[in-house]
Amino acid sequence: EAGVAQSPRYKIIEKRQSVAFWCNPISGHATLYWYQQILGQGPKLLIQFQNNGVVDDSQLPKDRFSAERLKGVDSTLKIQPAKLEDSAVYLCASSPSDSYEQYFGPGTRLTVT
Amino acid sequence: AQSVTQLDSQVPVFEEAPVELRCNYSSSVSVYLFWYVQYPNQGLQLLLKYLSGSTLVESINGFEAEFNKSQTSFHLRKPSVHISDTAEYFCAVSRGNFNKFYFGSGTKLNVKP
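In order, the protein sequence lines correspond to chains A and B.
Each residue of the first sequence is one higher than the last, beginning at 1 in the numbering used here.
Each residue of the second sequence is one higher than the last, beginning at 1 in the numbering used here.
Chain B on its own, in the form it takes in the complex (with noise of 0.2 Å):
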């Protein structure tokens, strides 16, 4: 079975400043990522995701995440947070065949004025 290991299970920031939400995975075989976010209150939703080509990937909102293939990691940046970034982000890893799908156990993000 995948693991997906998010090893840091809160985050403080102050605002504006950049900020890095690691996620590594165990796998031999050739994978797809991704990271959903939740906020206060709402569901999961896809926040970005990697299928295939380019390695570097990026949301609307400005976060970016990069596969790192050799390093098995997916991890999640964005260069200047806002406090409205301030949610539960977890990684996920499907196998393919749209389905297998596995989740981190997730990261706080506290962003602070």
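Isolated chain A, as found in the complex (with noise of 0.2 Å):
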């Protein structure tokens, strides 16, 4: 079985520009997950979606990120305009429907300059 997939894997960026991680996840999985973990801390969940739902958005900063999960399967997460706080390990998780066990993707590291 195919793991959850993220694209890129490194991202390195201006201040001031825009960046959008994409994320595939296992088959099947109807619930999928955007975290932030900063170096030093433990993952942020910024947004949970359900199908093409989202199901929890309220700690994503909704002035510069914006995700989307078009036809409930993979999905996009992009940052504009990005800021030098925003260096960090992007990481995207999935999980069947009523379960708590999440199966992670090996993260971006993005690198804002």
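Everything labelled a hint here was simulated from the structure, so no lab data went into it.
Note that the Cβ used here is the ideal one computed from N, Cα and C, for glycine as well.
One or more of the hints may lead you astray.
Here are some of the chain B residues that sit facing chain A, going by a computed Cβ distance under 8 Å [said to hold, decoys possible]:
1. L44
2. L46
3. F90
4. F101
5. G104
To spell it out: a stretch of chain A is covered by chain B in this simulated footprint if at least three of its residues, at any positions, have a beta carbon under 8 Å from a beta carbon of chain B; those stretches are [stated by the list, open to error]:
6. 10–16
7. 60–72
Hey, can you piece these two chains together into the complex? The hints should help.
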């Protein structure tokens, strides 16, 4: 069974530029999560989808971050414009419906200079 | 919002020694509790979980955690660690409904020969 795929693995941009991350969850997993993990901290949930609907986006900075999961499969997280404090690893995870077990992808390491 | 505290950012220990990684959470309501592990250069993976029932839960590789409601703790223990247990361990909580996940800042376990 293929795991959660994320791309790119690394990205370096300048502040005020835009960036997008892509995630393909495990086939059949209805729930998809995006986390931000700043160096030295634990993952912070940004947004959670159930199929193509948003379950929780209470910690998503909506003035600059956006995410979508069209067709309820893969998802894109965008930052526009980026700030220095957005430097972090962005993790995508998925899980089957009605399950607490999340399967994490390898993450995208973003550096904003 | 929930908070999850992992007081020890790093725990060095010799091989075959016992270890305890501490996790405390703040909540006045029922929670579901998890430990995730991240081995070097790998993604996070679920180690064990407490949802209900017995307060002592075990993993397949010898770790165990005990849910203590009165102390709002979910400490992770292993009676004898191996070099291969070297990893970062994250405690996480959810208030239920398969959402609202909060992670601690992680504890790096370094097992020395």
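Indices of hints not satisfied (ascending): Failing hints, ascending: 6, 7.
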